[in-house]
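Peer 1: Chain residues, written in single-letter form:
2 protein chains.
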Amino acid sequence: MMNVINYPERAQWNELLQRPVMDSTILEEQIRRIISDVAGRGDEALMDYTRTFDRVELPSIEVGRKEIREAAGVVSGELKHAIEEAQWNIQTFHKKQITRSEIIVTTAGVRCWQKSVPIDRVGLYIPGGTAPLLSTALMLGIPAKLAGCPEVVICTPPGTSGKINPAISYIAGLLGIDRVFRVGGAQAIAAMAYGTETIPAVNKIFGPGNQYVTMAKQIVSRNRVAIDLPAGPSELAVVADDSSNPAFVASDLLSQAEHGTDSQVLLLTDSRELIRQVRDQIERQLESLPRKEIATGSLAHSKIILLRDQQEIMEMVNLYAPEHLIIATKNFRDLAEKVVNAGSVFLGNYTPESAGDYASGTNHTLPTNGWAHAFSGVNMDSFIKKITFQEISRYGLHNIGDAVMILAEAEQLQAHSNSVAIRLNTEEDE
Amino acid sequence: MMNVINYPERAQWNELLQRPVMDSTILEEQIRRIISDVAGRGDEALMDYTRTFDRVELPSIEVGRKEIREAAGVVSGELKHAIEEAQWNIQTFHKKQITRSEIIVTTAGVRCWQKSVPIDRVGLYIPGGTAPLLSTALMLGIPAKLAGCPEVVICTPPGTSGKINPAISYIAGLLGIDRVFRVGGAQAIAAMAYGTETIPAVNKIFGPGNQYVTMAKQIVSRNRVAIDLPAGPSELAVVADDSSNPAFVASDLLSQAEHGTDSQVLLLTDSRELIRQVRDQIERQLESLPRKEIATGSLAHSKIILLRDQQEIMEMVNLYAPEHLIIATKNFRDLAEKVVNAGSVFLGNYTPESAGDYASGTNHTLPTNGWAHAFSGVNMDSFIKKITFQEISRYGLHNIGDAVMILAEAEQLQAHSNSVAIRLNTEEDE
Chain A
202 MMNVINYPER AQWNELLQRP VMDSTILEEQ IRRIISDVAG RGDEALMDYT RTFDRVELPS
262 IEVGRKEIRE AAGVVSGELK HAIEEAQWNI QTFHKKQITR SEIIVTTAGV RCWQKSVPID
322 RVGLYIPGGT APLLSTALML GIPAKLAGCP EVVICTPPGT SGKINPAISY IAGLLGIDRV
382 FRVGGAQAIA AMAYGTETIP AVNKIFGPGN QYVTMAKQIV SRNRVAIDLP AGPSELAVVA
442 DDSSNPAFVA SDLLSQAEHG TDSQVLLLTD SRELIRQVRD QIERQLESLP RKEIATGSLA
502 HSKIILLRDQ QEIMEMVNLY APEHLIIATK NFRDLAEKVV NAGSVFLGNY TPESAGDYAS
562 GTNHTLPTNG WAHAFSGVNM DSFIKKITFQ EISRYGLHNI GDAVMILAEA EQLQAHSNSV
622 AIRLNTEEDE
Chain B
202 MMNVINYPER AQWNELLQRP VMDSTILEEQ IRRIISDVAG RGDEALMDYT RTFDRVELPS
262 IEVGRKEIRE AAGVVSGELK HAIEEAQWNI QTFHKKQITR SEIIVTTAGV RCWQKSVPID
322 RVGLYIPGGT APLLSTALML GIPAKLAGCP EVVICTPPGT SGKINPAISY IAGLLGIDRV
382 FRVGGAQAIA AMAYGTETIP AVNKIFGPGN QYVTMAKQIV SRNRVAIDLP AGPSELAVVA
442 DDSSNPAFVA SDLLSQAEHG TDSQVLLLTD SRELIRQVRD QIERQLESLP RKEIATGSLA
502 HSKIILLRDQ QEIMEMVNLY APEHLIIATK NFRDLAEKVV NAGSVFLGNY TPESAGDYAS
562 GTNHTLPTNG WAHAFSGVNM DSFIKKITFQ EISRYGLHNI GDAVMILAEA EQLQAHSNSV
622 AIRLNTEEDE
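Protein sequence lines correspond, in order, to chains A and B.
The first sequence stops at residue 631 when you use the numbering used here, and every number in between is there.
The second sequence stops at residue 631 when you use the numbering used here, and every number in between is there.
Chain A extracted, bound-state conformation:
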């Protein structure tokens, strides 16, 4: 069960909130070898690793149109409907993030603007395994298509039949994903970074994954390809008080804990009574969970922290910078104003994290491991580049020319200054 820490001293906070550190040196060597093998041998290496890791002989690396069409027949009407409802909300929220370019005259004759241009080729990694993350296909595929990325591909590991999860196929068809490949693990990341005969090299790789996938993304991001976010295990912090419903709070903590034994769960409160009730509820609700063992493992290193007041609570929240933050206190709107570091925030008694995981409309690909101090979750910006443009008239260059030349010379860059001088000293020829 979760450890309870009462009124910890400020000096202990950093240690208390520390995330587990993985020693990844050995892992890195192993993943480097896979990456350079895929870079060198291409498709053949992909077939080999799939045979070894997924225990399946691939009929083909690419999922054909026919398999994607057939998936629509396998997915239940109920699931299709849920997918479309989530799609609508995610689309609605992300579409509003598209901003129009505006020309700004910074000074007479000097026109500057930012233009949002979609990234050419993006690769989405969708984990399979024990919990096939079909929702991730929605969360990454929808903004990629809304942004207008010309080529959007998915890599996802095959099941033992050699087929990929039919719901993922269905979503790929629904969203108009350009190509889908049945490859998972570090080998999929290597393929999207370097390209193979079948899989195109992309400019940016998105998506969660196990430690192999995560390490592969980190390695290829050093010199080859952009990635969405640095990764770490999923996290939830819940802020609650006397007014919160302990059964709801317990259900939220458990929903995070069932992700994996490395999941991080925190409850921050100023109420001893709530702690008692939540622990009670956790024990009760845990019993019937299919993933009880995983949740128990995660809870064992999770923490309930009793703090003096809401001020202390919000200070600790911002120091921890949780991926997900539920604020279930009566005055949740006041506390929401105080959030500085978090990935996504869930307000009130009727906003469970799972709403945002699937269907409220916000993105569920979020910064973990304290990266919320500096990173946003995936949003429309993640799929575009903002290119700046400037167009200066002869008059405009006269206007700013002196400043440019003086600054350039202060930096001892004479040629920079010359490029202005030569223009201003030339007679206008037309």
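Some hints could be false.
If several chains are the same, the list does not tell them apart, and a pair holds so long as it fits within one copy or across any two.
Claimed, not checked - Cross-link-like lysine-lysine pairs, in silico, DSS-like; alpha carbons within 27 Å at most: (1) 346 <-> 539; (2) 296 <-> 587; (3) 531 <-> 587; (4) 587 <-> 297; (5) 316 <-> 539; (6) 267 <-> 281.
Source of the hints: derived by calculation from the structure; they are not laboratory data.
Here the structure of chain A is known, so what remains is to put chain B in place on it, guided by the hints.
Peer 2: Coordinates of chain B only, in the frame set by chain A:
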């Protein structure tokens, strides 16, 4: 002088546009040692490295208020005026990028929004050395302050007197930078990543630097702190035709070439005549440059490429993804529409790169080394996080609850489903 390549075959393009690859393995080991030394010994290590690398005994690590005030007396009125003019334009352009949060009702009872929150603590690295980049202090300091980052610090190497460049001090005072430290190199990056007795640990590090600084930024970004951009030598591609002014084009190529011998310079054109004239002009203008030797070194590995038509030219531009792109053709507006991969674009005959380097208003911290395929240059987004919020009413949860539960169960995450069910099955108590 620059190599001329006539009508290269498509199959050669990738090789032709290849950037130099640095073998950084040995460097990495050395930088790792500096970083862990600074992480362990703090200020003492900073004093030691400054003695070794900058050959100066530091009186203090922090630049005091007095030194900053005194800088105003040392900087010429002319330079101050140029700084303020640049400041105005940079502020005007960046201020327009601030977007307001809007609440989006994705479906009845489900309210979602994005809130832009400034990053708590940011560190700006401003190189000193042969060309003290005071313009970089403006380009990073202005958006950091506009974004409202609560703590903005600068690290910049000391001169042999132990003082930092007075223009950088002056800018720090002008912009209201919170603290300034006289430390440079990998040790400065380590200090901002780990914190020392004097220098606070920051959440994100910005700024250019030599290969030591660059490698240090890359290392600390793996698990400690965010960085602005992956780095590489500065680059310029110029697109020109018969209508372009060869003297202007030459001056632009030279302004890029003087940065360093590793600078990348490309001229893409469909005009043989222009090539002849530009080469002529380069030879002529090169003579009088103080940094002639550096420029000559850079030009030796730079390229002039003659292509069949503007379509080919723009395809090559987008394949190369230059940091800076000048389009000096008659129809520059048409070609601007075709730019997909570039950091910042300069249009027409009167828009030299140096205008954007200093004073047009756009940012000069831009993606190099092909990263413009996936990265934007530094802009207001670089200093904020977009945190998502959602507030769902009981009615709203009824609305999306089924979709959430069905999707959660399709992912075999029962506890996720439960967190909705338990709320919907509980009687509303108020």
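Peer 1: Hint by hint, say whether it matches the structure.
Peer 2: Results of checking the hints against the structure:
With identical chains, the CA atoms of residue 346 and residue 539 are at most 27 Å apart between copies only, with a shortest distance of 20 Å across copies and 34 Å within one. For the identical chains of this complex, residue 296 and residue 587 are neighbours both inside a copy (17 Å) and across copies (15 Å), given an alpha-carbon limit of 27 Å. Proximity of residue 531 and residue 587 under a CA criterion of 27 Å is satisfied inter-copy only: 25 Å between copies versus 41 Å inside one chain copy. Taking the shortest alpha-carbon separations for residue 587 and residue 297, both the intra-copy value of 17 Å and the inter-copy value of 14 Å come in at or below 27 Å.
In this homomeric assembly, residue 316 and residue 539 come within 27 Å of each other (Cα to Cα) only across copies, at 12 Å, whereas the closest approach inside a single copy is 33 Å. For the identical chains of this complex, residue 267 and residue 281 are intra-copy neighbours only, at 18 Å inside a copy versus 68 Å across copies, given an alpha-carbon limit of 27 Å.
Every hint from the earlier list agrees with this structure, and none is contradicted.
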